[in-house]
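Undergrad: As a plain string of letters, each chain reads:
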Amino acid sequence: MKKTSRLGKYWLYLPLIAMAIFYLIPLYVMLVTGFKSFAEVDLKTMWNLPSGIHFDNYIEAYSKLAPSLWNSFAMVIPAALLSSALGSLNGFILAKWKFRGADAIFPFILFGMFIPYQSILIPLVQFMNAVGIKGLPGLALAHIIYGIPITTLTFRNYYASLPQELLEAAKIDGADMLKIYRYILLPLSAPSFVVVLIWQFTSAWNDFLFAVVLTGNKQWPITVALNNMAGSQIIAWNVQMAGSLLAALPPLLIYIFLGRYFLRGLLAGSLKG
Amino acid sequence: MSKLLKDKDRFLSIVLITPSILAVLIFIYGFIGWSVRVSLSKWKGLNPDYSWNGLANYINLFYDPRFAVDVRNTVIFTGVFVIGTVLLGFFLAVMLDQGLKGEGFFRSLFLFPMAISYIVTGVVWRWLMNPATGSRTSGLNLLFSYLHLDFLQNAWHTTPKWGMAAIALAAIWQMSGYTMALYLAGLRAIPIELREAAQIDGANEFQIYRHIMIPLLAPVTLSALIILGHMSLKVFDLIVAVAGKQLPLDVPAIYMWQTTFDGLFYGRGAAISILLLISVAVLIIPYIWYTLHTETEQ
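First to last, the protein sequences are chains A and B. Each residue of the first sequence is one higher than the one before, starting from 1 at the first, in this note's numbering. Each residue of the second sequence is one higher than the one before, starting from 1 at the first, in this note's numbering.
If you're looking for bench data, these hints aren't it; they were derived computationally from the structure. Among the hints, a few may not be true.
To be verified - In silico DSS-like cross-links for lysine-lysine, where the CA-CA straight-line distance does not exceed 27 Å:
{"#": "1", "chain 1": "A", "residue 1": "Lys-179", "chain 2": "A", "residue 2": "Lys-98"}
{"#": "2", "chain 1": "A", "residue 1": "Lys-98", "chain 2": "A", "residue 2": "Lys-171"}
{"#": "3", "chain 1": "B", "residue 1": "Lys-6", "chain 2": "A", "residue 2": "Lys-96"}
{"#": "4", "chain 1": "A", "residue 1": "Lys-134", "chain 2": "A", "residue 2": "Lys-44"}
{"#": "5", "chain 1": "B", "residue 1": "Lys-161", "chain 2": "B", "residue 2": "Lys-245"}
{"#": "6", "chain 1": "A", "residue 1": "Lys-171", "chain 2": "B", "residue 2": "Lys-6"}
{"#": "7", "chain 1": "B", "residue 1": "Lys-101", "chain 2": "A", "residue 2": "Lys-98"}
{"#": "8", "chain 1": "A", "residue 1": "Lys-98", "chain 2": "B", "residue 2": "Lys-8"}
{"#": "9", "chain 1": "B", "residue 1": "Lys-245", "chain 2": "A", "residue 2": "Lys-134"}
{"#": "10", "chain 1": "A", "residue 1": "Lys-64", "chain 2": "A", "residue 2": "Lys-179"}
{"#": "11", "chain 1": "A", "residue 1": "Lys-171", "chain 2": "B", "residue 2": "Lys-8"}
{"#": "12", "chain 1": "B", "residue 1": "Lys-101", "chain 2": "A", "residue 2": "Lys-134"}
{"#": "13", "chain 1": "A", "residue 1": "Lys-171", "chain 2": "A", "residue 2": "Lys-64"}
{"#": "14", "chain 1": "A", "residue 1": "Lys-44", "chain 2": "A", "residue 2": "Lys-64"}
{"#": "15", "chain 1": "B", "residue 1": "Lys-6", "chain 2": "A", "residue 2": "Lys-179"}
{"#": "16", "chain 1": "B", "residue 1": "Lys-101", "chain 2": "A", "residue 2": "Lys-9"}
{"#": "17", "chain 1": "B", "residue 1": "Lys-245", "chain 2": "A", "residue 2": "Lys-64"}
{"#": "18", "chain 1": "B", "residue 1": "Lys-8", "chain 2": "A", "residue 2": "Lys-96"}
{"#": "19", "chain 1": "B", "residue 1": "Lys-245", "chain 2": "A", "residue 2": "Lys-218"}
{"#": "20", "chain 1": "A", "residue 1": "Lys-179", "chain 2": "B", "residue 2": "Lys-161"}
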């Protein structure tokens, strides 16, 4: 398949580099502003490089955002772990241990990942207040429950791709369902766990809607704290930029080091995984 | 395997999946039903009030000028965002499909915004799209003036009527990598023989894309349109982060949030949320049905 001339091909770098610049502009502004000293921060020179590496903005942003950064970690880690475990179990049963009606309920589970969460928001807040689960535990619970559809989907698709013979042999040897899950499927599930853990970590970390209605001042996760910081007139834009980078960093690092798995989660989310 | 063991396993599998199914049943379908009930009530204020109000909340929305603005804004946002994201994603995928050096680098670069929260994107773009003029010009407008492209300077999201298009620009920045990934996966799935056969028949690159690739990618385009379309109906955090709660940039999701939790008009908020749900369901239900259907055929 060699048709386009060499020259024709190299031309393609022009639009590609132009697009690369477009994608990098916000990152550039975030980084450059963050590393400026307070003295040289000025909207009129926002595109200039910093005179040196200063951490003023990051220190200031961190001092403001540190509690909510830790709130985010405290809420996101258990949420990601538990919803992945549930997804794996559900996926196993729906793919390999189908009971009557299993195929019929699957689309109803799937629909749950597309709904606008506004349509369950009033009952959710009422429910959490009624049972007295407030703040971060309630937020983590919401992420676990509303994560069930996508985690179940990802694991179900993965387990369905494994050959049935794998199970049949174990069944003949007299292994029961839990043994098959524990000793055959689970050891093969590491890649799917990575995909789902990353996905759940990122979406819970980046969530704003649940966080803003389920948590108060002291328990704000990072997205709510950052948004309120940006909305206030007192905190300068340069500190906001540094804060944005702090908020973006955990999912960004995951993306940089585990991008392949991130992409698979992304495609699963459109039912194309 | 013994009958007894089989029955035990079947029983166990149902026991193990029941909590998840119950959770979905209650927290998704039960809560939707509960929201519907609230939307048919007179609830206004801190204390729940389920006295029957019929369809009054819905009917009032149809005469509500703010809701009319919301619908108009959603249409603008959806149009710009969906068309922009699909076209950009497609062109990026085609360029990256040419076997250039550095493909992996560009691919990762185009996708990284997907990992970031809409709040972060919104906060950064809010400064990039600073509408200040004259000596206070900054952000992209300042960059345009450095590049002698002053004619491009504009008021971004503060543009009357079309401000939503600027918000859609930030959303395109965030989501076009996603459509690129979808198209790239689609392009890689097209057998190379098809391309070669067309080349032998004398088709040029453009004709190959026009008559072979694009038609074969139709299912990808359809999924992209549906996924992006339902996202744009739900758009919320990005606008909050760029503009806060401003009427010119209002959308149903923000109206619902504000009227319910700030204004305590629970009945009206629930009605908006149910209308949102219906609009999403119209897109998504046929999509799920179609996807699962083609899956079983394979």
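Undergrad: Quick one, are B:Lys-6 and A:Lys-96 close enough, alpha carbons at most 27 Å?
TA: Roughly 13 Å between the alpha carbons, so the hint for B:Lys-6 and A:Lys-96 holds.
Undergrad: For the pair supplied as a hint, B:Lys-8 and A:Lys-96, is the alpha-carbon distance within the 27 Å limit?
TA: Status holds; Cα separation ~15 Å.
Undergrad: When you check the alpha-carbon spacing of A:Lys-134 and A:Lys-44, does it fall within 27 Å?
TA: violated (44 Å)
Undergrad: Assess, step by step, whether the Cα of A:Lys-64 is no farther than 27 Å from the Cα of A:Lys-179, and give holds or violated.
TA: Outside the cut-off at roughly 49 Å; violated.
Undergrad: Straight-line Cα separation of B:Lys-6 and A:Lys-179 no greater than 27 Å?
TA: holds (13 Å)
Undergrad: Given the hinted pair A:Lys-179 and B:Lys-161, is their Cα-Cα distance within 27 Å?
TA: Violated: A:Lys-179 and B:Lys-161 sit about 62 Å apart, past 27 Å.
Undergrad: Under the criterion that the straight-line Cα-Cα distance not exceed 27 Å, is the pair A:Lys-179, A:Lys-98 satisfied?
TA: Holds, at roughly 17 Å.
Undergrad: Starting from B:Lys-245, check that the Cα of A:Lys-64 is at most 27 Å away, please.
TA: holds (23 Å)
Undergrad: Holds or violated: B:Lys-245 and A:Lys-134, Cα atoms, limit 27 Å.
TA: holds (26 Å)
Undergrad: Could you grab the alpha-carbon distance between B:Lys-101 and A:Lys-98 and see if it respects the 27 Å cut-off?
TA: violated (46 Å)
Undergrad: Take the C-alpha atoms of A:Lys-171 and A:Lys-64, compute the straight-line distance between them, and say whether it is at most 27 Å.
TA: Given that 27 Å is the threshold and the Cα spacing comes to 57 Å, the pair is violated.
Undergrad: Is the hinted pair A:Lys-44 and A:Lys-64 satisfied, with a Cα-Cα distance of at most 27 Å?
TA: holds (25 Å)
Figure legend: structure checked against the earlier numbered hints; hints not met, in rising order: 4, 7, 10, 12, 13 and 20.
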